[in-house]
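Participant: Here is how the chains run, residue by residue.
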Amino acid sequence: MSDADAQTCGDHSQWAETSHCRVAGVRHFGAFAAVELIAPRVARRAAPGQFVMVTVPGGGFLLRRPISLFAAHGDRIGLLVEARGGGSEQLTQLDVGDNVDVAGPLGSAFPTEGVTNALLVGGGIGCAPLQYLADQLAAEGAQVTAAFGFRDFRSARAAGAFSIDRLWVATEDGSVGKAGTVLHILASLDVAPGTTIYACGPNPMVAAVQRWTFAEGLRGYVSLEAHMACGTGSCHGCVVDTARGKVRVCSEGPVFRLDEVTP
Amino acid sequence: MSDADAQTCGDHSQWAETSHCRVAGVRHFGAFAAVELIAPRVARRAAPGQFVMVTVPGGGFLLRRPISLFAAHGDRIGLLVEARGGGSEQLTQLDVGDNVDVAGPLGSAFPTEGVTNALLVGGGIGCAPLQYLADQLAAEGAQVTAAFGFRDFRSARAAGAFSIDRLWVATEDGSVGKAGTVLHILASLDVAPGTTIYACGPNPMVAAVQRWTFAEGLRGYVSLEAHMACGTGSCHGCVVDTARGKVRVCSEGPVFRLDEVTP
Amino acid sequence: MISDGPQHSVSLGPILLDHPLVDASGTFDLLEYSRRYDGDYFADFPYAAYVPKTVTADARTGNPAPRVTETPSGMINAIGLENPGIHAWIDQLPEWASLRQPVIVSVGGNEPEQYAAVIAALEAHLAAAAAGTAPRIEGYELNVSCPNVSSGLQIGADPSATAEVVAACREATDRFLLAKLTPNVRDVTEAGAAALGAGADGLSLVNTFKAMVLDRQTLKPFLGNRTGGLCGPAIKPIALRMVAEVAQAFPDTPIVGMGGVMTGLDALEFIACGATAVAVGAANFTAFEAPSRILQELRDELEARGFASVAEARGMALRA
Amino acid sequence: MISDGPQHSVSLGPILLDHPLVDASGTFDLLEYSRRYDGDYFADFPYAAYVPKTVTADARTGNPAPRVTETPSGMINAIGLENPGIHAWIDQLPEWASLRQPVIVSVGGNEPEQYAAVIAALEAHLAAAAAGTAPRIEGYELNVSCPNVSSGLQIGADPSATAEVVAACREATDRFLLAKLTPNVRDVTEAGAAALGAGADGLSLVNTFKAMVLDRQTLKPFLGNRTGGLCGPAIKPIALRMVAEVAQAFPDTPIVGMGGVMTGLDALEFIACGATAVAVGAANFTAFEAPSRILQELRDELEARGFASVAEARGMALRA
Ligand SMILES: Cc1cc2nc3c(=O)[nH]c(=O)nc-3n(C[C@H](O)[C@H](O)[C@H](O)COP(=O)(O)OP(=O)(O)OC[C@H]3O[C@@H](n4cnc5c(N)ncnc54)[C@H](O)[C@@H]3O)c2cc1C
Ligand SMILES: Cc1cc2nc3c(=O)[nH]c(=O)nc-3n(C[C@H](O)[C@H](O)[C@H](O)COP(=O)(O)OP(=O)(O)OC[C@H]3O[C@@H](n4cnc5c(N)ncnc54)[C@H](O)[C@@H]3O)c2cc1C
Ligand SMILES: Cc1cc2nc3c(=O)[nH]c(=O)nc-3n(C[C@H](O)[C@H](O)[C@H](O)COP(=O)(O)O)c2cc1C
Ligand SMILES: Cc1cc2nc3c(=O)[nH]c(=O)nc-3n(C[C@H](O)[C@H](O)[C@H](O)COP(=O)(O)O)c2cc1C
Ligand code: FES
Ligand code: FES
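Chains as they are written, first to last, in this note's numbering: chain X, 15 to 277; chain A, 15 to 277; chain D, 377 to 696; chain L, 377 to 696.
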């Protein structure tokens with residue numbers, strides 16, 4: 015497989031102690047909210063692809079929610095949250111001045127070293143970690159292109175939260191951007207040889223991107239989702255199957271080499 | 015017993031459907047909050063001594079909380095809530111404009127017909143229903159005196175919520191008003207023959223007031239507390255022992271003749 | 377009759393229900409509801425059948441107070457089967473004779489004869505009662521969560537004691553007979569098999585979980601009875617598992633599922649686990665309108681998911 | 377030593393604990409904690425003893441995903457005892473040899489020989505291990521919630537199967553031996569008596585309640601394993617009742633109580649119900665600092681209530 019020489023995704027700094035953070039800004043995009051938190055100790059250690067465990071305020075939810083870092087700069091981190099169930103809905107209702115507990119950064123990060131051309135492929139809320147990644151890659155001088163797929167107009171509202179120069183959007187219902195899935199964008203792109211693929215989204219999308227990547231002779235990385243309890247490697251609740259057996263998304267992941275996952 | 019000819023406390027209009035009420039006003043007195051709600055249908059039917067079942071907003075609490083009517087006039091009802099556990103604490107944090115669900119009025123009421131002299135004896139948060147009762151008695155032309163007992167300075171903050179012309183206060187630690195229990199006030203009062211006693215407070219206080227009332231050859235009524243599930247007569251959760259056996263506080267009570275209870 | 381939406385009626389054995397929702401015994405008193413309602417509650421009665429609070433042969437005063445309190449996502453009760461006894465109970469029948477829906481009478485006792493005595497007294501009364509003086513009593517639910525006089529254990533925790541109760545009651549009536557199982561067992565299908573073997577027509581489950589709450593101040597048991605029964609959303613995942621086990625073990629048996637139903641989706645989950653009908657308990661304490669809200673939500677769920685009928689959704693979770 | 381506040385240390389059989397709190401097996405991984413900590417987590421380890429995740433004779437890959445989700449005031453898990461097997465597990469011992477606190481090793485298996493094999497392998501290793509290459513292993517906790525190979529039921533739901541496991545393990549070690557009871561039974565004292573009769577020194581309880589959660593979209597079982605174990609505050613009232621029953625039945629037996637402990641008051645409630653030590657499970661998932669917060673709260677509760685020692689509070693709820 016062409017990924018044989020890809021960098022490993024592990025061994026990024028993880029930090030599980032709780033940071034009590036003030037909400038410094040909230041922007042709403044339909045059912046999505048981009049929440050900016052003052053979290054200097056998290057921001058300082060963070061790398062794109064990592065996530066935080068967020069306590070849903072109010073005490074009604076036992077488990078914390080894993081949320082990717084959407085941004086990190088200075089003493090701030092950004093989260094992009096989609097209201098899906100009760101907990102994430104409450105997170106989208108955070109207001110400036112509210113306090114929220116987060117633990118992180120946790121998990122592995124997207125390797126970026128030496129990357130000159132990057133193609134970021136996101137589906138739905140899976141796009142969230144790709145903004146921070148794009149910022150990092152751009153800062154390191156890489157050429158960044160992004161292709162985001164959404165189900166419909168409602169879910170495409172998320173796109174408004176992103177600022178990536180070369181960003182292509184597709185919706186399955188054709189309401190925004192190209193009609194179809196993100197694969198339709200990929201098919202239409204002129205991808206430079208040696209481009210590194212970074213994917214995050216629902217499993218069927220990841221599987222399709224994986225096939226496409228291999229067919230193009232490229233290599234890449236993927237961030238996976240799993241239901242989590244601890245988020246910190248203790249419970250073995252978040253396993254996914256990989257070439258090296260069952261591994262924990264919170265600990266060995268969420269970022270894996272595209273050639274080692276079986277979505 | 016001198017109570018033989020007392021009026022019955024039952025058969026007041028009860029109404030269990032839910033009213034979605036807006037908070038029109040909140041006044042704080044230490045750990046107490048006097049909350050005014052716009053609840054025309056509840057206010058119209060209400061009588062002093064009755065209570066409402068209040069849904070704790072936010073969804074974190076399964077059971078509703080029984081709270082006495084502290085006031086009712088026009089389209090408004092008033093509640094005086096003491097933060098004791100999680101649910102009542104949240105009720106004290108209501109803000110103007112918030113919405114809260116209440117069901118009521120429920121339970122029996124204090125009989126007032128033909129009463130010319132009334133002595134209202136309250137202990138702690140048990141004073142709450144006595145404001146509404148005082149208003150009603152005064153409107154009916156009765157002479158009203160009230161004696162309230164509190165544990166300490168903190169709990170005596172509640173007194174600030176009341177406006178009753180002849181109101182005597184005692185605290186056990188002597189920090190406000192007379193030092194001692196409400197019984198010390200009673201001992202010092204010159205009580206007119208035929209005065210009707212209305213009591214509400216902790217069981218030991220009720221028992222003492224009962225003894226005092228009988229010793230003085232008076233008659234009266236008492237409002238009792240009990241842990242409730244339904245508040246509407248369905249579950250038999252709220253029973254107290256009385257001369258006529260176990261009865262439901264939410265349904266046959268909360269107001270009973272002083273001579274039929276065994277606190 | 378032409379209907380556009382899903383078909384809501386279900387057959388609980390021989391009892392035709394307009395929809396799958398009934399009240400859980402001990403959590404809903406029809407007369408108390410009607411007294412606190414602006415209208416004719418008998419006409420507007422939201423449940424498809426009425427299950428009154430458990431009645432025993434003799435009057436019971438129940439447990440000392442306190443009898444109820446809240447727990448995380450649940451509540452605990454130790455009422456102790458307070459009830460006026462079957463004879464006073466029968467005297468009240470005319471008061472609710474106008475209820476259109478069928479009634480399933482919950483019966484309790486500490487030994488088989490006590491259960492059978494309740495049923496015999498009621499059957500004798502019904503056989504002689506004048507038309508219009510009693511509601512439409514179509515079945516019995518045997519609450520076997522009472523402690524067994526001889527063993528001290530709950531009757532329902534002992535399959536053979538359960539069978540004895542069912543057998544005695546089967547002798548006393550030809551009406552539909554449900555056995556209400558306790559969840560305080562290792563394998564709920566054991567008592568279920570015993571009940572069905574002894575002549576029960578169907579199974580109700582779950583009753584409450586034996587539990588204890590301490591007084592925060594004194595660290596002593598809070599309830600007057602020391603222990604009580606836990607119910608509410610907290611127990612729903614265990615109740616769903618047990619209903620699924622029973623439905624899998626006895627596929628053609630009518631099942632009334634319950635335990636923590638607060639929403640229409642909760643009710644649908646019990647149906648998906650194999651329940652024929654679903655009982656609503658503690659949710660009745662959350663709002664007067666809870667039954668009609670849950671019913672509307674269930675209808676909306678069925679419609680939104682494109683089910684043609686309740687029967688179509690039944691057992692969804694059991695199929696591979 | 378002069379101490380002003382309450383005495384926090386407790387004796388769990390022969391094991392002296394600085395305070396009553398330990399972690400519940402499977403919910404806390406010391407090495408993972410130390411990797412994510414700004415400091416020396418071994419020095420700051422908050423629990424009085426460390427109970428690692430259950431280890432079995434052979435490596436197990438566990439259940440298919442998803443394995444966890446939230447429920448009302450609780451969570452459900454179906455990890456399936458994923459673990460590297462006792463041999464790979466032993467190889468890791470040097471990594472945490474510097475832990476000062478005693479270790480109680482949780483052991484699993486599907487038949488008595490598998491449990492005994494784990495203990496035998498570890499005892500053999502410890503007998504030969506060089507000083508400083510292993511932590512202070514002072515006891516075992518037998519997790520009898522695994523399904524019995526022959527009956528399919530959980531071993532702990534069958535008193536005689538429980539006794540066989542305990543007896544086999546008792547042969548293999550002289551160290552302190554706890555049997556961890558399952559709550560999925562009619563009477564938790566039955567398995568408790570069997571375990572003690574077969575040589576267990578103490579009892580841990582409760583393990584999780586067998587439960588089921590459906591996928592909201594598909595109405596199929598959500599967990600890869602279909603069913604899982606419910607824990608968290610939802611079950612605390614049932615767990616307290618069971619701990620009280622065991623403490624009452626076996627007054628001098630060391631008991632590790634658990635189930636839904638989120639605060640110091642929760643821990644104190646288990647002690648009041650007769651627990652010697654208290655294990656914290658799901659609360660570990662709520663915050664990295666949960667163990668130290670709960671410990672501080674427990675200390676504050678003891679102090680505020682004027683207890684001279686933890687022992688003084690023990691069993692409060694059992695006395696009339
Ligand atoms: C590594 C990682 C990064 C993520 N990043 C983001 C992000 O940046 N923005 C965002 O909006 N969402 C993100 N998610 C998904 C997010 O965690 C879930 O949408 C959220 O937990 C749902 O919680 P809920 O209470 O709204 O849903 P419910 O379904 O009510 O939650 C019930 C339980 O299931 C869990 N759960 C439900 N859906 C998911 C899911 N898709 N993935 C994992 N657990 C789930 C919840 O955490 C909770 O424990 C991420 C998930 C993972 C694993
Ligand atoms: C008829 C009646 C009238 C009342 N009037 C008032 C009033 O006007 N103002 C006021 O502040 N309080 C009043 N109370 C007491 C009030 O209901 C309790 O303080 C409140 O329910 C406590 O809830 P919590 O969540 O704060 O306490 P928690 O202890 O956390 O509640 C746990 C459970 O116990 C119940 N409970 C706890 N304490 C009491 C109590 N003392 N009486 C009844 N149930 C209790 C709760 O309702 C809940 O179900 C009244 C009680 C009754 C029965
Ligand atoms: C206050 C109360 C009283 C109850 N009384 C009875 C009863 O008399 N007979 C009975 O079979 N079940 C009784 N139950 C159990 C319920 O019928 C039901 O089985 C249980 O509460 C689970 O459902 P839920 O979680 O929806 O409440 C009672 C439950 C409560 C909360
Ligand atoms: C994710 C998870 C994994 C668990 N793994 C084990 C285990 O390996 N061995 C065991 O004996 N108990 C295991 N348990 C059960 C706990 O040790 C404990 O008995 C139970 O969770 C109740 O405590 P709690 O409510 O505080 O979580 C596990 C629990 C959880 C939540
Ligand atoms: S969520 Fe616990 S190990 Fe990953
Ligand atoms: S609280 Fe249910 S009958 Fe009074």
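Accuracy of the hints is not assured; some may be wrong.
Below, computed lysine to any residue pairings styled on SDA-like, alpha-carbon distance capped at 25 Å [claimed, not checked]:
#1 K260(X) x R436(L)
#2 K596(L) x W465(D)
#3 K596(L) x R681(D)
#4 K596(D) x T276(A)
#5 K596(D) x S102(A)
#6 K260(A) x G438(D)
#7 K260(A) x R681(D)
#8 K192(A) x F43(A)
#9 K260(X) x P382(L)
#10 K192(A) x H241(A)
If you're looking for bench data, these hints aren't it; they were derived computationally from the structure.
Participant: Would you mind marking each hint as holding or not holding in the structure?
Facilitator: We went through each hint and held it up to the structure:
The straight-line distance between the Cα atoms of K260(X) and R436(L) is roughly 11 Å, inside the 25 Å bound, and the hint therefore holds. The suggested pairing of K596(L) with W465(D) is violated, with an alpha-carbon distance near 43 Å, which exceeds 25 Å. A threshold of 25 Å between alpha carbons decides the hint, and for K596(L) with R681(D) the separation of about 14 Å falls inside it, so the pair holds. A hinted pair counts as satisfied when its Cα atoms are at most 25 Å apart, and K596(D) with T276(A) qualifies at roughly 23 Å.
Between K596(D) and S102(A) the CA atoms are separated by roughly 23 Å; this keeps the pair inside 25 Å, and the hint holds. Taking the CA atoms of K260(A) and G438(D), the gap is about 9 Å. The hint holds against a cut of 25 Å. Between K260(A) and R681(D) the CA atoms are separated by roughly 48 Å; this puts the pair beyond 25 Å, and the hint is violated. At roughly 20 Å between alpha-carbon atoms, K192(A) and F43(A) fall within 25 Å of each other, so this suggested pair holds.
Taking the CA atoms of K260(X) and P382(L), the gap is near 46 Å; set against the 25 Å cutoff, the hint is violated. Distance hint between K192(A) and H241(A) is unfulfilled; the C-alpha atoms sit about 31 Å from each other, more than 25 Å.
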